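Participant: Residue-level listing of the chains:
Number of protein chains: 2
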Amino acid sequence: MSTVLALSGGVGGAKLVHGLAQVLPAEQLVVCCNTGDDFTHVGQHVCPDIDTVLYTLSGLANPELGWGRADETWHFMDTMAVLGGETWFRLGDADLAMHVVRSQALAAGQSISAITADLARRLGVAPTIAPMSDQPVSTIVLTPDGELAFQHYFVRERCAPVVTGFRFEGAAAAKPAPAVAATLGDPKLRAILFCPSNPYVSLGPILAVKDIAAALARRRAPAIAVSPIVGGVAIKGPAAKMMAELGQEVSATAVARLLRPYIDGFVIDDTDADQADGIRSMGLKVEVAPTVMRNTADKRALAEAMLAFADRMRTA
Amino acid sequence: MSTVLALSGGVGGAKLVHGLAQVLPAEQLVVCCNTGDDFTHVGQHVCPDIDTVLYTLSGLANPELGWGRADETWHFMDTMAVLGGETWFRLGDADLAMHVVRSQALAAGQSISAITADLARRLGVAPTIAPMSDQPVSTIVLTPDGELAFQHYFVRERCAPVVTGFRFEGAAAAKPAPAVAATLGDPKLRAILFCPSNPYVSLGPILAVKDIAAALARRRAPAIAVSPIVGGVAIKGPAAKMMAELGQEVSATAVARLLRPYIDGFVIDDTDADQADGIRSMGLKVEVAPTVMRNTADKRALAEAMLAFADRMRTA
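Sequence lines, in order, name chains A and B. In this text, residue positions in the first sequence follow the working numbering: the first is 1, and each later residue adds one. In this text, residue positions in the second sequence follow the working numbering: the first is 317, and each later residue adds one.
These are computed hints drawn from the structure, not numbers from a lab. Just so we're clear, the structure is a prediction, and the values are computed from it rather than from any experiment. Honestly, I wouldn't trust all of these hints.
Partial selection, computed: residues in chain A whose CB lies under 7 Å from chain B [to be verified]:
| # | residue |
| --- | --- |
| 1 | His75 |
| 2 | Ala215 |
| 3 | Leu216 |
Which bits of chain A does chain B cover? Going by a derived footprint, with three or more residues having C-beta under 8 Å, they are [to be verified]:
| # | segment |
| --- | --- |
| 4 | 78-86 |
| 5 | 100-111 |
Simulated DEER-style distance windows between Cβ atoms [claimed, not checked]:
| # | chain 1 | residue 1 | chain 2 | residue 2 | range |
| --- | --- | --- | --- | --- | --- |
| 6 | A | Asp277 | B | Glu402 | 55 to 61 Å |
| 7 | B | Ala498 | A | Asp78 | 33 to 39 Å |
| 8 | A | Lys188 | B | Ala423 | 53 to 59 Å |
| 9 | A | Arg156 | B | Phe405 | 31 to 37 Å |
| 10 | A | Thr143 | B | Val339 | 56 to 62 Å |
| 11 | B | Thr356 | A | Val162 | 39 to 45 Å |
| 12 | A | Ala81 | B | Pro494 | 40 to 46 Å |
| 13 | A | Thr143 | B | Thr356 | 21 to 27 Å |
| 14 | B | Thr631 | A | Ala81 | 44 to 50 Å |
| 15 | A | Pro178 | B | His468 | 53 to 59 Å |
| 16 | B | His468 | A | Arg220 | 41 to 47 Å |
| 17 | B | His468 | A | Ala214 | 47 to 53 Å |
| 18 | B | His468 | A | Val162 | 30 to 36 Å |
Beta carbons are placed, not taken as given, at the ideal position from N, Cα and C, and that holds for glycine.
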């Protein structure tokens with residue numbers, strides 16, 4: 001009963017992973033990162049969610065921006081503007097090295113799994129950080145005006161277009177990354193934790209990989225999620241806007257309903273305690289806890305609460 | 317009698333081009349840059365000699381390093397080192413944008429000619445800056461221990477290996493770039509100026525493009541060169557070392573002998589005035605002038621001296 005698998009998307013996911021990394025030995029934590037956001041930009045292969053986890057665990061993350069590195073400089077980007085290059089997706093001078101090294105390794109035939117493991121080692125990140133898949137899966141946002149690649153929707157259009165649905169290009173052919181498959185199949189798996197990430201575009205691509213969904217369906221370890229919606233708003237990002245546009249109630253309860261097929265338990269914030277009974281009526285165990293992670297202590301406390309919740313479910 | 321074509325390699329070439337740009341209207345100056353040094357590094361297409369000219373003419377050049385940009389930062393490179401990327405060829409944060417923009421445009425099917433023209437326009441460089449060819453030509457340095465790609469010899473190995481010869485891969489299939497071909501064929505061509513660049517690895521690749529050599533052979537405009545060897549040493553770079561290793565005398569006279577098939581006149585430094593008669597005996601006109609360019613006035617004076625020399629030859 002030793003390994004914990006965390007499914008993680010963007011900033012919220014990385015925060016919980018940071019908490020887990022503080023309370024678990026490194027060899028007991030495997031992080032499955034969403035790669036549906038990945039794209040090729042100015043010729044470089046960018047993996048935003050993997051990098052957010054790597055930067056957060058290595059202490060390099062920029063806490064103000066919520067992406068990229070602290071103490072970043074922008075001379076490359078400033079010069080791109082002078083030269084007529086694309087500037088809508090900002091790559092810092094130091095951050096750019098990640099994408100250049102990754103792109104070179106990809107071109108040399110290495111897998112995203114191998115590349116991520118090497119980058120993690122170079123940055124002193126000890127837990128296993130894995131992509132959900134080594135095959136490309138691209139999140140496409142459906143809008144009334146047509147389809148948008150995820151970063152075009154998210155960064156270039158600042159989430160302004162109305163969302164009518166999603167498509168995960170390549171998901172049908174994608175296999176779970178080796179570390180993810182091995183962890184899901186590990187008889188000593190202690191818990192599967194869904195980080196407080198956007199259910200559509202952070203967890204959605206992971207669940208669109210059929211063999212991951214299938215392994216979750218036959219899980220023996222408890223799977224628990226934590227709501228990214230607190231008090232009817234998203235802690236960060238477009239989750240609430242998307243839910244509203246898709247005709248969903250914007251609530252922890254609605255997130256629980258979306259994830260219901262994959263989980264046994266659901267963690268909601270103290271603010272949403274009045275939704276506990278409704279969520280229990282779906283057949284889920286519910287834990288009420290402080291879920292907003294403002295600092296390191298918050299992250300650690302939520303990680304501990306989720307692990308304790310999972311362990312109680314196992315022995316119940 | 318209006319256009320001047322300058323054949324340019326590295327730093328010495330860019331200095332004379334800078335002088336020419338001060339004394340000629342922009343529309344009368346066409347610079348044919350060596351692209352034998354070009355290579356793909358960390359996935360980016362780098363054109364060192366084109367960039368040296370662009371940076372010099374735009375006032376961005378780093379006068380201390382002799383390459384790259386002034387006021388450069390190195391956060392990309394520092395992070396490459398942390399991540400295990402290649403660091404032997406240093407790319408500054410701002411400089412990197414040139415290579416990324418160029419690589420993207422190349423991948424989109426643009427020619428080096430078109431890309432260089434666009435970069436020049438973006439940097440406010442008005443004279444025509446052209447590659448010698450839009451087809452790739454790669455300078456290979458032959459050594460007793462085998463072949464070395466030029467930048468591996470020049471930067472990684474710091475010119476330490478003994479040189480036994482050169483090979484210009486791709487030269488047989490390379491055509492002159494459109495601007496170079498048009499200028500060589502222009503009946504109003506005023507002069508062809510060989511900048512004080514390494515005769516083997518700066519001018520050599522240009523002359524290895526057959527249609528350039530053929531156009532030079534049937535030239536009607538005077539072609540004059542200036543010696544990069546002054547007082548038996550190279551002003552910059554490995555020219556003197558190469559000459560010695562190839563069994564040549566290290567002198568202006570020896571450079572004149574190498575370039576003899578392509579030129580009508582040769583400019584030597586005051587220091588080497590005693591070689592004038594010997595060079596004249598090869599059938600070349602000789603001009604003795606200060607050729608060491610320490611500042612803007614020196615560059616301008618040499619440019620004016622070369623143009624006056626060429627004009628005198630025309631009317632003689």
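Participant: Against each hint, give a clear statement of whether it holds in the structure.
Facilitator: Structure-based check of all given hints:
1. Proximity of histidine 75/A to chain B holds as hinted, the smallest CB-CB distance being about 4 Å (cut-off 7 Å).
2. The interface hint given for alanine 215/A is violated, since its Cβ lies 32 Å from the closest Cβ of chain B, which is over the 7 Å cut-off.
3. Here the hint on leucine 216/A is broken, as its CB sits about 33 Å from the closest CB of chain B, past 7 Å.
4. A stretch counts as covered by a chain when three or more of its residues have a beta carbon under 8 Å from one of that chain; for the segment 78-86 of chain A and chain B the count is 7, and the coverage holds.
5. For the segment 100-111 of chain A, the proposed coverage by chain B is satisfied: 5 residues have a C-beta within less than 8 Å of a C-beta in that chain, meeting the threshold of three.
6. Judged by the Cβ atoms, the range 55 to 61 Å given for aspartate 277/A and glutamate 402/B holds: they are separated by roughly 60 Å.
7. A hinted range of 33 to 39 Å holds for the C-beta pair alanine 498/B and aspartate 78/A, which are about 35 Å apart.
8. Against the hinted window of 53 to 59 Å, the Cβ-Cβ separation of lysine 188/A and alanine 423/B comes to about 47 Å, which falls outside the hint.
9. Distance hint check for arginine 156/A and phenylalanine 405/B: the Cβ-Cβ separation is about 33 Å, which falls inside the suggested range of 31 to 37 Å.
10. Between threonine 143/A and valine 339/B the Cβ separation comes to about 58 Å, which falls inside the hinted range of 56 to 62 Å.
11. For threonine 356/B and valine 162/A, the hinted distance range of 39 to 45 Å is satisfied, since their beta carbons lie about 43 Å from each other.
12. Judged by the Cβ atoms, the range 40 to 46 Å given for alanine 81/A and proline 494/B is violated: they are separated by roughly 29 Å.
13. The hinted window of 21 to 27 Å between threonine 143/A and threonine 356/B is violated, with their beta carbons roughly 38 Å apart.
14. The beta-carbon spacing between threonine 631/B and alanine 81/A, approximately 49 Å, falls within the hinted interval of 44 to 50 Å.
15. Evaluation of the 53 to 59 Å hint for proline 178/A and histidine 468/B yields a failure: the beta carbon distance comes to about 36 Å.
16. A C-beta distance of roughly 55 Å is found between histidine 468/B and arginine 220/A, which places it outside the suggested range of 41 to 47 Å.
17. About 50 Å separates the C-beta atoms of histidine 468/B and alanine 214/A, a value consistent with the hinted range of 47 to 53 Å.
18. Roughly 54 Å separates the CB atoms of histidine 468/B and valine 162/A, a value that falls outside the hinted 30 to 36 Å.
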